[in-house]
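Colleague: Sequence:
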Amino acid sequence: MEIERKFLVKKIPENLESYPCLTIEQAYLCTDPVVRIRQEDNSYYMTYKGKGMMAREEYNLPLNENAYLHLKAKADGRTITKKRYRIPLGTLTAELDIFSAPRELTLVEVEFSTEEEARSFCPPDWFGEDVTTDSRYHNSNMI
1 MEIERKFLVK KIPENLESYP CLTIEQAYLC TDPVVRIRQE DNSYYMTYKG
51 KGMMAREEYN LPLNENAYLH LKAKADGRTI TKKRYRIPLG TLTAELDIFS
101 APRELTLVEV EFSTEEEARS FCPPDWFGED VTTDSRYHNS NMI
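In the numbering used here, the protein residues as written are 1 to 143.
Hints are supplied without guarantee of correctness; some may be wrong.
[To be verified] Straight-line Cα separation of at most 20 Å, PhoX-like style, residue types lysine-lysine; simulated pairs:
{"id": "1", "residue 1": "K82", "residue 2": "K72"}
{"id": "2", "residue 1": "K83", "residue 2": "K10"}
{"id": "3", "residue 1": "K11", "residue 2": "K83"}
{"id": "4", "residue 1": "K74", "residue 2": "K49"}
{"id": "5", "residue 1": "K83", "residue 2": "K72"}
{"id": "6", "residue 1": "K11", "residue 2": "K82"}
{"id": "7", "residue 1": "K82", "residue 2": "K10"}
{"id": "8", "residue 1": "K72", "residue 2": "K49"}
Please keep in mind that the hints were generated in silico from the structure rather than gathered at the bench.
None of these values were measured; they are calculated from a predicted model.
Construct the complete structure from the given sequences, taking the supplied hints into account.
Modeller: Structure follows, in structure tokens:
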């Protein structure tokens, strides 16, 4: 189960380069339900995501590079690319995504252990509007 909230970004944190960063490419094989493949630096996997906004099923399966490239060809160009910065927020982690394709956009996500924890989360000042329930900001709808 994935439980997360998603926000627009008012201001990118200072010293962004000091945080761990991944280069991510995601290709979508299906969007209803969501079946995507992802390359994070030199790691590859396939993800299934169920329906839902703040909480939904999520399953990850490992892939090797050859399987990733084979499946990527089946995505017909339905691909997004982004850099993901992992920024500590006390016991939580903000994942700041700076998209470069198919359009420029900056979002931040925080994952939680429970829905109660997610609902009670007080975002820091650099977070903008909460877009958790706005399906336009699901990665699968941005392709």
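Colleague: Between K83 and K72, does the CA-CA distance stay at or below 20 Å?
Modeller: The hint holds at about 19 Å.
Colleague: So if I understand the rule, the pair passes when the alpha-carbon distance is 20 Å or less; does K82 with K72 pass?
Modeller: Since the Cα atoms of K82 and K72 sit roughly 16 Å apart, the hinted pair holds (cutoff 20 Å).
Colleague: Can you confirm whether the C-alpha distance between K11 and K83 stays at or below 20 Å?
Modeller: Status holds; Cα separation ~16 Å.
Colleague: Mind checking the alpha carbons of K11 and K82 for me, to see if they're no more than 20 Å apart?
Modeller: Distance ~18 Å between K11 and K82 Cα, so the pair holds.
Colleague: Between K72 and K49, does the CA-CA distance stay at or below 20 Å?
Modeller: The hint holds at about 18 Å.
Colleague: Can the restraint linking K82 and K10 be considered satisfied, given a maximum Cα separation of 20 Å?
Modeller: Holds - the C-alpha atoms of K10 and K82 are around 18 Å apart, at most 20 Å.
Colleague: For the pair we were handed, K74 and K49, check the Cα-Cα distance against 20 Å.
Modeller: holds (18 Å)
Colleague: Are K83 and K10 close enough, with their CA atoms no more than 20 Å apart?
Modeller: holds (18 Å)
Checked against the numbered hints listed earlier, the structure breaks none of them; every hint is satisfied.
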